[in-house]
Amino acid sequence: MLINKNNTGKIWFFGGLYLFFSPVAAEITVDSSFFQQPQLLTPNQGEYAITQNLGKVIGNNLFHSFQDFNLKQGETARFSGAAHINNVISRVTGGSPSHINGTISNTIPGANTYLLNPAGIFFAEHARLDVSGGFYATTADYLNL
Numbered sequence: 001m002l003i004n005k006n007n008t009g010k011i012w013f014f015g016g017l018y019l020f021f022s023p024v025a026a027e028i029t030v031d032s033s034f035f036q037q038p039q040l041l042t043p044n045q046g047e048y049a050i051t052q053n054l055g056k057v058i059g060n061n062l063f064h065s066f067q068d069f070n071l072k073q074g075e076t077a078r079f080s081g082a083a084h085i086n087n088v089i090s091r092v093t094g095g096s097p098s099h100i101n102g103t104i105s106n107t108i109p110g111a112n113t114y115l116l117n118p119a120g121i122f123f124a125e126h127a128r129l130d131v132s133g134g135f136y137a138t139t140a141d142y143l144n145l
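Going by my numbering, the letters in the sequence shown line up with residues 1 to 145, in that order.
Worth double-checking, as some hints may not be accurate.
[Unchecked claim] Pair ranges (Cβ atoms, derived):
no., residue 1, residue 2, range
1, S32, G74, 25 to 31 Å
2, L129, Q52, 17 to 23 Å
3, Q45, N86, 25 to 31 Å
4, P109, S32, 29 to 35 Å
5, S96, Q73, 14 to 20 Å
6, R128, I58, 26 to 32 Å
7, G46, L145, 29 to 35 Å
8, S32, D130, 26 to 32 Å
9, G120, H84, 29 to 35 Å
10, Q39, A83, 23 to 29 Å
11, A49, G133, 16 to 22 Å
12, E125, Q52, 30 to 36 Å
13, Q52, P118, 23 to 29 Å
14, P109, L145, 16 to 22 Å
These aren't lab readings, by the way, just hints derived from the structure by calculation. Bear in mind the structure is a predicted one, so any value in this text is a computation, not a measurement. Note that CB positions come from ideal geometry on N, CA and C, so glycine has one too.
From just these sequences and the hints, can you work out the full model?
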C-alpha cells in the first residue's frame with residue numbers, strides 16, 4: 001500500500017483538530033496533595049465552589065492542587081477565601097490539559113489568580129475571567145513569587 005506524504009500530513013492535521021475540538025468532560029477534581037484521596041467536586045447550578053478549606057493557606061497565599069480542571073460553557077469555578085489572601089495559586093497535576101470554556105472567578109478582593117498546568121491550558125470561545133486582581137495562566141510546573 002502506498003501512502004502519499006501529502007495525505008499523511010492531512011491525517012495529522014485533521015486528527016489534531018479533532019483532539020483539540022473534541023468534547024472534554026467538564027470536571028474539577030481536587031488531588032490528594034492536601035487530602036488522603038482525590039475529591040471530585042460537584043457543581044451547584046453550574047458553579048464549582050472552590051473554598052479556602054479545599055486548599056492550604058501559607059501566609060497570604062492560598063494554594064489549591066487539582067487532578068483535573070476543566071470548565072464547559074455556562075460553568076463557573078468560583079474561588080473564595082479570607083480577605084488577607086493576596087494570591088490564589090492553583091496547579092493541575094493530572095497530566096491532561098485544562099479546557100476552559102466557562103468562567104474563572106475569584107471573590108477575594110484584589111487577589112491575584114494563578115493557574116498552572118504543565119500539560120497545557122486551552123481557552124475556548126466562551127472562556128471568561130471575573131477577577132479583581134491579576135490573572136496568570138502558565139504551563140510551568142512551579143512558581144516563584
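Results of checking the hints against the structure:
In this structure the supplied range 25 to 31 Å holds for S32 paired with G74, their Cβ-Cβ distance being about 29 Å. At about 20 Å, the CB distance of L129 to Q52 agrees with the hint of 17 to 23 Å. The hinted range of 25 to 31 Å is satisfied by Q45 and N86, whose Cβ atoms lie roughly 30 Å apart. For the pair P109 and S32, the beta carbons lie near 31 Å from each other, so the given range of 29 to 35 Å is met.
S96 and Q73 have their C-beta atoms about 19 Å apart, which keeps the hinted 14 to 20 Å range intact. One distance hint, 26 to 32 Å for the beta-carbon pair R128 and I58, holds here, with the actual separation near 29 Å. G46 and L145 have their C-beta atoms about 32 Å apart, which keeps the hinted 29 to 35 Å range intact. A hinted range of 26 to 32 Å for the beta carbons of S32 and D130 is consistent with their spacing of about 29 Å.
Judged by the Cβ atoms, the range 29 to 35 Å given for G120 and H84 holds: they are separated by roughly 32 Å. Under the hint 23 to 29 Å, the C-beta atoms of Q39 and A83, about 25 Å apart, fit the expected range. A beta carbon spacing of about 19 Å between A49 and G133 agrees with the range 16 to 22 Å that was offered as a hint. Between E125 and Q52 the Cβ separation comes to about 31 Å, which falls inside the hinted range of 30 to 36 Å.
As the Cβ distance of Q52 to P118 is approximately 25 Å, the hint placing it in 23 to 29 Å holds. At roughly 19 Å, the beta-carbon separation of P109 and L145 lies within the given 16 to 22 Å, and the hint holds.
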